[in-house]
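Engineer: Listed below, chain by chain, are the residues.
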Amino acid sequence: MHTLTNQIRPAIVSLLALTLITGLIYPLAVTMIAQAAFPHQANGSLIVVGGQVRGSALIGQPFDDPKYFWGRPSATSPTAYNAAASAGANDGPLSPALAEAVQARIDALRAADPQASGPYPVDLVTASASGLDPQISPAAAAFQVRRVAAARGLSEEQVRQLVAQYTEGRTLGVLGEPRVNVLALNLALDALQ
Amino acid sequence: MTANGWLQIVVYMVVLLALSMPLGRYMARVYAGRATFLAFVERPLYRLFGEGASAEQGWRQYALAMLLFSGLGMLVVYALQRLQAALPLNPAGLAAVAPDSAFNTAASFATNTNWQGYSGEATMSYLSQMLGLSVQNFVSAASGMAVVAALIRGIARRTTATIGNFWVDLTRTTLYILLPLSLLLALALVSQGVVQTFGPYVDAPMLQATTGVDGGPVTAQVLPMGPAASQVAIKQLGTNGGGFFNVNSAHPFENPTPLSNFLELLAILLIPAALCTTFGALVGDARQGRALLAAMLIVFVPLLVVGVAQEQAGTPQLAAQGVDLAASDAQPGGNMEGKELRFGVVGSAMWAAATTAASNGSVNSMHDSYTPLGGLVPMFLMLLGEVIFGGVGSGLYGMLAFAIIAVFIAGLMVGRTPEYLGKKIEAFEMKMAALVILIPCAVVLGGAALAVATPWGRGALYDPGVGYTSIYNPGAHGFSEVLYAFASMGNNNGSAFAGLGANNPFYNVVGGLVMLIARFWLMLPVLAVAGSLAAKKAVPVGPGTLPTHTPLFVALLIGVVIIVGVLAFVPALALGPIVES
Numbered sequence: 002m003h004t005l006t007n008q009i010r011p012a013i014v015s016l017l018a019l020t021l022i023t024g025l026i027y028p029l030a031v032t033m034i035a036q037a038a039f040p041h042q043a044n045g046s047l048i049v050v051g052g053q054v055r056g057s058a059l060i061g062q063p064f065d066d067p068k069y070f071w072g073r074p075s076a077t078s079p080t081a082y083n084a085a086a087s088a089g090a091n092d093g094p095l096s097p098a099l100a101e102a103v104q105a106r107i108d109a110l111r112a113a114d115p116q117a118s119g120p121y122p123v124d125l126v127t128a129s130a131s132g133l134d135p136q137i138s139p140a141a142a143a144f145q146v147r148r149v150a151a152a153r154g155l156s157e158e159q160v161r162q163l164v165a166q167y168t169e170g171r172t173l174g175v176l177g178e179p180r181v182n183v184l185a186l187n188l189a190l191d192a193l194q
Numbered sequence: 265m266t267a268n269g270w271l272q273i274v275v276y277m278v279v280l281l282a283l284s285m286p287l288g289r290y291m292a293r294v295y296a297g298r299a300t301f302l303a304f305v306e307r308p309l310y311r312l313f314g315e316g317a318s319a320e321q322g323w324r325q326y327a328l329a330m331l332l333f334s335g336l337g338m339l340v341v342y343a344l345q346r347l348q349a350a351l352p353l354n355p356a357g358l359a360a361v362a363p364d365s366a367f368n369t370a371a372s373f374a375t376n377t378n379w380q381g382y383s384g385e386a387t388m389s390y391l392s393q394m395l396g397l398s399v400q401n402f403v404s405a406a407s408g409m410a411v412v413a414a415l416i417r418g419i420a421r422r423t424t425a426t427i428g429n430f431w432v433d434l435t436r437t438t439l440y441i442l443l444p445l446s447l448l449l450a451l452a453l454v455s456q457g458v459v460q461t462f463g464p465y466v467d468a469p470m471l472q473a474t475t476g477v478d479g480g481p482v483t484a485q486v487l488p489m490g491p492a493a494s495q496v497a498i499k500q501l502g503t504n505g506g507g508f509f510n511v512n513s514a515h516p517f518e519n520p521t522p523l524s525n526f527l528e529l530l531a532i533l534l535i536p537a538a539l540c541t542t543f544g545a546l547v548g549d550a551r552q553g554r555a556l557l558a559a560m561l562i563v564f565v566p567l568l569v570v571g572v573a574q575e576q577a578g579t580p581q582l583a584a585q586g587v588d589l590a591a592s593d594a595q596p597g598g599n600m601e602g603k604e605l606r607f608g609v610v611g612s613a614m615w616a617a618a619t620t621a622a623s624n625g626s627v628n629s630m631h632d633s634y635t636p637l638g639g640l641v642p643m644f645l646m647l648l649g650e651v652i653f654g655g656v657g658s659g660l661y662g663m664l665a666f667a668i669i670a671v672f673i674a675g676l677m678v679g680r681t682p683e684y685l686g687k688k689i690e691a692f693e694m695k696m697a698a699l700v701i702l703i704p705c706a707v708v709l710g711g712a713a714l715a716v717a718t719p720w721g722r723g724a725l726y727d728p729g730v731g732y733t734s735i736y737n738p739g740a741h742g743f744s745e746v747l748y749a750f751a752s753m754g755n756n757n758g759s760a761f762a763g764l765g766a767n768n769p770f771y772n773v774v775g776g777l778v779m780l781i782a783r784f785w786l787m788l789p790v791l792a793v794a795g796s797l798a799a800k801k802a803v804p805v806g807p808g809t810l811p812t813h814t815p816l817f818v819a820l821l822i823g824v825v826i827i828v829g830v831l832a833f834v835p836a837l838a839l840g841p842i843v844e845s
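Protein sequence lines correspond, in order, to chains Y and C. Using our numbering, you'd call the opening residue of the first sequence number 2 and step up by one each time. Using our numbering, you'd call the opening residue of the second sequence number 265 and step up by one each time.
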């Protein structure tokens, strides 16, 4: 018993002290430094146009108008790109549910642009993990250039140049994937006209 | 697999190994008491602990201290959840968590598992998150690292009764290792776009309105905020894995860029890899640490490559629908279902391998949507007992138990008393090492068997009298999900397959007990071995000594790990995933 009572005090004191250090001081210190050094990123990388918040550069938005580029299919509920409830579809790779969903997305792409034909870029017809993916591949953007140009009365070349302007390569040439930010591109399209 | 895929794997492994070595040597200085620049914080703490509380302890005292600390921590997490409705920092007015769920969560976070049976942000108040769960992210990791430090001392010391002091190891691990690394990583992540604010959620108008379920227009998005970066950093470094947002590290606010993905991926394996170097430094023979690291890498890297290659290949079903699966500089190709574009197939499949190898459990893609063979990689890594890197501390002490078994088997072959690093391995050490290896198998298989054998585990799909559904998918797939859940809890991993309703009294209570047994019933035999080895004198190296730093020993060790893992789980796998495919 003697050894047990000897250990109770350090157990209580260490838990209290480490709670104070890791549960309060640490997150507060990170917040203070982050807010001072990286205020834009720490507060959600918001896109502000004319003093008004237009969304976040990191969170995708739903688009199905032919004049906009469309992002990755989103499985959030109750509506797509619900930023308050991130979710993936969790469909198995061989499940009929996935095959049906992919077919529906292909049909939607063809309905918006009857001239569209396969092959379809994979990221444009499969759901993202978060349901909030802000980016598409350059191939998925190129696939949509004709539709967007026609809907806006722009030349395909004009739209293609804008896509190129908003295309980011792999980080340091190695990491991740080349990508196009859909919301930023669509805002730029609107600003063009 | 693409050239860029190979390049990303090579860059990752090179940077991981390059960083783990200096960190491992630094951690050896911390556990040897030679790093002292934070003494001004440490000394007052030790005084508060009481007289003699920071003196050397025998293994029983060390174990008692560890159990008391973990028990008290668990009690606090439980109490915070039960009382959160009456406590401050609960702006959403969340009610008290149900007793069974609160028990499960307390056990989960105190055991470094971070299985999340509850439904995310809708359950925990800010206070429960900060003072309960976040604190356990640090201290459960620190407890695991303390125990492995004690085991290493037991191996390195000669004819002594003590193996260090738990309170000192706990404090030093937190202050010298986990806090500085977390601070650096958190700030790097914020620079990439991980949110870190106590401000309110942001309403942003959407460029194009969409139609809501009620038929009316939805014109704005609610952007969630919070102090995410500080929690994401320790969740990765401490092999915890519990996410800040619902989809964990797939969420753009938790993991916004390829660079943040690379840093978080490094953080998953950094400390488990570095501990191998620490081991070599503390036993005075760097080759011993390199041998263990080599064994881990030889199992890990091929599985990593297989996982990436399988996901990159995608499925013929998608290709048949007219989808372009070919990778190029214009698109990632492959199986992109449930993956984020910025990570692509490579950054996602590498993560899946690392997070299950390290008992981390965080995800940046949806494992349920992986190709059959790509999805087998995470399952296989988990069932190997979380010793291929494994949890911080727990992975290395598990691997050292396998090393003891390996020298014992080698000793049997040549008829000599086995020894490891100059210490005779006798019946007591073997019994304890066998416990360390067999208990996770027993609780995983026992838990899964109990679940499918009782109405409360099978749920309303099979027994309509039960008030809840737990198994949603009948047949082999349902069994796979039960097996995955218990494999995850019984190896303190915490990752989950969707499709199993686990937030009910049966899974909460049985799962909580499984996590507690798998954590503490392993730590006790590990500390007993530490105490027993510390008391022994060193035997000189002779011609019959099996060197434990050679390729031969590495091969033997890998063989033992794989044979035990495969033998224990093949019958159960045959009933689940194998029938399914």
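Do not take every clue at face value.
Straight-line distance between alpha carbons at most 25 Å, and here's what the computed SDA-like set of lysine to any residue pairs gives [stated by the list, open to error]: (1) C:Lys800 with C:Pro719; (2) Y:Lys68 with C:Met470; (3) Y:Lys68 with C:Met677; (4) Y:Lys68 with C:Thr483; (5) Y:Lys68 with C:Lys800; (6) Y:Lys68 with C:Leu471.
In silico negatives: residues of chain C with every beta carbon more than 10 Å from chain Y [said to hold, decoys possible]: (7) Leu281; (8) Pro286; (9) Gly314; (10) Tyr342; (11) Ala343; (12) Leu395; (13) Ala420; (14) Val459; (15) Gly463; (16) Gly586; (17) Met600; (18) Gly608; (19) Val678; (20) Leu709; (21) Val716; (22) Val773.
Hints were generated in silico from the structure; no laboratory data involved. Virtual Cβ for every residue (Gly too), placed ideally from N, Cα, C.
Engineer: Which constraints among the numbered hints does this structure fail? Numbers only, ascending.
Structural biologist: 1, 3, 5, 9, 12, 14, 15, 16, 17, 18
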